[in-house]
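> Sequence:
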Amino acid sequence: MRIIRVAYRASFEFPKAETPLNPSGWKCPGEIVVEVFESIGGHWKARGLDGKEIRHWMWQAPSAAGLQEIVAGSFEKQLKPWVAMGNASDGLGYRELKPDELRIKEGKVYVLEPEDRKATR
8 MRIIRVAYRA SFEFPKAETP LNPSGWKCPG EIVVEVFESI GGHWKARGLD GKEIRHWMWQ
68 APSAAGLQEI VAGSFEKQLK PWVAMGNASD GLGYRELKPD ELRIKEGKVY VLEPEDRKAT
128 R
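Straight run, no breaks: the sequence shown in this note's numbering ends on number 128.
Please note that the accuracy of each hint is not assured.
The following label-pair restraints were derived from C-beta to C-beta distances [as the list claims (entries may be wrong)]:
id, residue 1, residue 2, range
1, V40, Y117, 18 to 28 Å
2, C35, G98, 36 to 46 Å
3, K112, S31, 39 to 49 Å
4, T26, P106, 35 to 45 Å
5, K115, K34, 33 to 43 Å
6, D97, E42, 19 to 29 Å
7, A79, G49, 19 to 29 Å
8, K105, A72, 14 to 24 Å
With a cut-off of at most 20 Å between alpha-carbon atoms, the simulated PhoX-like pairs for lysine-lysine come out as follows [as the list claims (entries may be wrong)]:
id, residue 1, residue 2
9, K87, K23
10, K105, K115
11, K52, K115
12, K84, K34
13, K23, K84
14, K105, K87
15, K34, K23
For the record, the hints were derived by calculation from the structure and aren't laboratory data. C-beta atoms are modelled at their ideal positions from N, C-alpha and C, and glycine is treated no differently.
Build the full structure now, drawing on both the sequences and the hints.
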């Protein structure tokens, strides 16, 4: 196993009026993809993704789970669940990571290497 940096993505619709995302209170239909990531210094931050463009609003919290709750509470509807994203050792680049590829120990995320998978069979 090796430690990797992961981000978590989910998509939402209709930001709530009482949040900084929607101060005018308009109904904003359409998918908004949000990424929760660990920044330098160990703080977790959230940003909106629109294709390759990163929206400039951010929240931050001490844990990924806590920030996921804050983000989800800022929208009326969650369209897609949170998924882990990162670079596994399979050479496929930055992609969605399946739960059976990851282990979390003492607050750090580890990706299973091919030899780890052989040992668990």
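> The structure should be examined with respect to each hint, and the outcome stated for every one.
Here's how the hints hold up against the structure:
Checked against the given bound of 18 to 28 Å, the beta carbons of V40 and Y117, roughly 26 Å apart, stay inside it. At roughly 39 Å, the beta-carbon separation of C35 and G98 lies within the given 36 to 46 Å, and the hint holds. Take K112 and S31: their Cβ atoms lie about 44 Å apart, and the range 39 to 49 Å holds. A beta carbon spacing of about 29 Å between T26 and P106 contradicts the range 35 to 45 Å that was offered as a hint.
As the Cβ distance of K115 to K34 is approximately 40 Å, the hint placing it in 33 to 43 Å holds. As the Cβ distance of D97 to E42 is approximately 21 Å, the hint placing it in 19 to 29 Å holds. For A79 and G49, the hinted distance range of 19 to 29 Å is satisfied, since their beta carbons lie about 22 Å from each other. Taken as a hint, the range 14 to 24 Å holds for the pair K105 and A72, whose Cβ atoms sit roughly 19 Å apart.
Proximity of K87 to K23 is assessed by CA-CA distance (about 17 Å); at most 20 Å being required, the pair is judged to hold. Using a Cα cut-off of 20 Å, the hinted pair K105 and K115 holds, with the two alpha carbons roughly 16 Å apart. Under the criterion of a C-alpha separation no larger than 20 Å, the hint pairing K52 with K115 is consistent with the structure, at around 16 Å. Annotation: proposed proximity of K84 to K34 holds, straight-line Cα distance about 12 Å (limit 20 Å).
For the proposed pair K23 and K84, the alpha carbon gap of about 9 Å is at most 20 Å, so the pair holds. Straight-line distance between C-alpha atoms of K105 and K87 comes to about 15 Å, which keeps the hinted pair within the 20 Å bound. Straight-line distance between C-alpha atoms of K34 and K23 comes to about 8 Å, which keeps the hinted pair within the 20 Å bound.
Hint compliance for this structure: hint 4 is the single one not met.
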